[in-house]
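Residue numbers (this note's numbering), protein chains in the order written: chain A, 1 to 265; chain B, 1 to 265.
Keep in mind that the hints are not guaranteed to be accurate.
[As the list claims (entries may be wrong)] Using C-beta positions, here's what the derived DEER-type ranges look like:
no.	chain 1	residue 1	chain 2	residue 2	range
1	A	82	B	89	25 to 33 Å
2	A	249	B	139	28 to 36 Å
3	A	234	B	148	34 to 42 Å
4	B	63	A	249	52 to 60 Å
5	B	227	A	64	36 to 44 Å
Rather than coming from a laboratory, the hints here were simulated on the basis of the structure. Model, not experiment: these values are computed from the prediction. All C-beta atoms, glycine included, are put in the ideal place defined by N, C-alpha and C.
There are 2 protein chains.
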Amino acid sequence: MKRPIGIMDSGVGGLTVAKEVMRQLPNENIVYIGDTARCPYGPRPMEDVKTFTWQMTRYLLKYDMKMLIIACNTATAAALEEISSELPIPVLGVIYPGARAALKVSLNLHIGIIGTNGTVTSKAYDQALAMINNRVKVDSLACPKFVPIVESGAFHGPIVRKVIAETLQPLKKTNIDTLVLGCTHYPLLGPEISRFMGRNIKVISSGEETAREASVILQHDNLLNISKEAPKHQFFVTGSKEIFQSIAYNWIGEKIGTVQTVKID
Amino acid sequence: MKRPIGIMDSGVGGLTVAKEVMRQLPNENIVYIGDTARCPYGPRPMEDVKTFTWQMTRYLLKYDMKMLIIACNTATAAALEEISSELPIPVLGVIYPGARAALKVSLNLHIGIIGTNGTVTSKAYDQALAMINNRVKVDSLACPKFVPIVESGAFHGPIVRKVIAETLQPLKKTNIDTLVLGCTHYPLLGPEISRFMGRNIKVISSGEETAREASVILQHDNLLNISKEAPKHQFFVTGSKEIFQSIAYNWIGEKIGTVQTVKID
Numbered sequence: 001m002k003r004p005i006g007i008m009d010s011g012v013g014g015l016t017v018a019k020e021v022m023r024q025l026p027n028e029n030i031v032y033i034g035d036t037a038r039c040p041y042g043p044r045p046m047e048d049v050k051t052f053t054w055q056m057t058r059y060l061l062k063y064d065m066k067m068l069i070i071a072c073n074t075a076t077a078a079a080l081e082e083i084s085s086e087l088p089i090p091v092l093g094v095i096y097p098g099a100r101a102a103l104k105v106s107l108n109l110h111i112g113i114i115g116t117n118g119t120v121t122s123k124a125y126d127q128a129l130a131m132i133n134n135r136v137k138v139d140s141l142a143c144p145k146f147v148p149i150v151e152s153g154a155f156h157g158p159i160v161r162k163v164i165a166e167t168l169q170p171l172k173k174t175n176i177d178t179l180v181l182g183c184t185h186y187p188l189l190g191p192e193i194s195r196f197m198g199r200n201i202k203v204i205s206s207g208e209e210t211a212r213e214a215s216v217i218l219q220h221d222n223l224l225n226i227s228k229e230a231p232k233h234q235f236f237v238t239g240s241k242e243i244f245q246s247i248a249y250n251w252i253g254e255k256i257g258t259v260q261t262v263k264i265d
Numbered sequence: 001m002k003r004p005i006g007i008m009d010s011g012v013g014g015l016t017v018a019k020e021v022m023r024q025l026p027n028e029n030i031v032y033i034g035d036t037a038r039c040p041y042g043p044r045p046m047e048d049v050k051t052f053t054w055q056m057t058r059y060l061l062k063y064d065m066k067m068l069i070i071a072c073n074t075a076t077a078a079a080l081e082e083i084s085s086e087l088p089i090p091v092l093g094v095i096y097p098g099a100r101a102a103l104k105v106s107l108n109l110h111i112g113i114i115g116t117n118g119t120v121t122s123k124a125y126d127q128a129l130a131m132i133n134n135r136v137k138v139d140s141l142a143c144p145k146f147v148p149i150v151e152s153g154a155f156h157g158p159i160v161r162k163v164i165a166e167t168l169q170p171l172k173k174t175n176i177d178t179l180v181l182g183c184t185h186y187p188l189l190g191p192e193i194s195r196f197m198g199r200n201i202k203v204i205s206s207g208e209e210t211a212r213e214a215s216v217i218l219q220h221d222n223l224l225n226i227s228k229e230a231p232k233h234q235f236f237v238t239g240s241k242e243i244f245q246s247i248a249y250n251w252i253g254e255k256i257g258t259v260q261t262v263k264i265d
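Isolated chain A, as found in the complex (with noise of 0.2 Å):
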């Protein structure tokens, strides 16, 4: 099946669901689009990026997609039902992987989730994990600083670490054993947050684990693309797209073909 798997984020954070896409699906054809123009969605309110999720949504239909991956942790929370329920195809959102690989690597069942005000705020982790084991213990805190940080571009160096320990403080008295990454854009601070909260803490990154699922589900609808053609991967952003390429080089590599600015409204 050699129709493409969109994928859509607020900006670049989706990338870190693409680069995992990319390597455990390398014969997959992607479709990405990041709204760049409207980020950060996290301190919007929740029926302002519903709106704009389903505007993305429709903009990757036109590319015949057989499965759409929702990489944003605040749109999963926003709009990943309704979207899902309404689509032919399978979609995708980031919460249940990131919340599923928790369950699986906690040895305490107490687990921390970091991620925007509104994902915090829409209690999706708690209820996702909740809803496979309710013994789990859930700590959660908003990092409203760390998107903006990531879209500059910035991922290393003091004032990065300065952010990362005054927010994550208050986690470090916790007795969680195991950290979600609860929005696409943090891996790119992931060795940073590592540094930060000890090598006893595992820490998940919802990229790779939606990817994992993203193969299981395209197998188990038997969607695989076997053909032996070169994969093709395009880019869509709604701003600026020189921004957006110079980060998506610095994370995946060459790998990324051209990207182009488009409206999507």
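Fit chain B to the supplied structure of chain A, relying on the hints for placement.
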């Protein structure tokens, strides 16, 4: 959806999957059957393995299972495709989950597979890996002595270590960075296998991975058990219930209920 998950194996190996299902999906009811009277399946003709697997399937169907897990690599290689196409419920094998997990963690895409003669000869792992990533290099090795050791209840000690060292020696000379335990009995020898292979080789247990994928599919198909009742776990074997009970107790702990010996042919 309170209906149980059916899990089957040639013997006690499927307990490595059952244990992980209990841990990762603690709300789910389970019906397990182990064909201990005819174990091991590995050296048998694939047609016989297919017949036995159908017999176990028909036995489990009486319990109105909502999902079937063929927790035996040999049976997966022999019968997954046919059973999956004839049953109206999701049917999972253990080969794709192991393959997918290996592709997620391998950095050099050179993967080792150990399994029974039946599994290795079937080339089912080679096919599963190539289906997802056709640049992967595979070294497979049949380990016919491992299943009898495990079914006898021996997991440690000098004799076990000697058999492991003699058997796995050829793989030490390869460049693999990931080793898939392509038989659900092998995780019981996991610590000794890891010790022999060395810390640079990532060892994948198909049990953990299959439980993870079962969770993905149950949620995708809206089949998770959200009842608050304590889950029920039933175990059936075709051979001695005492040996099974003692291995199960060692491996899973108290959570195992009663075991009954039944006829399935």
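Quiz item: Which of the listed hints are not met by the structure?
Solution: Result: hint 3 breaks, nothing else.
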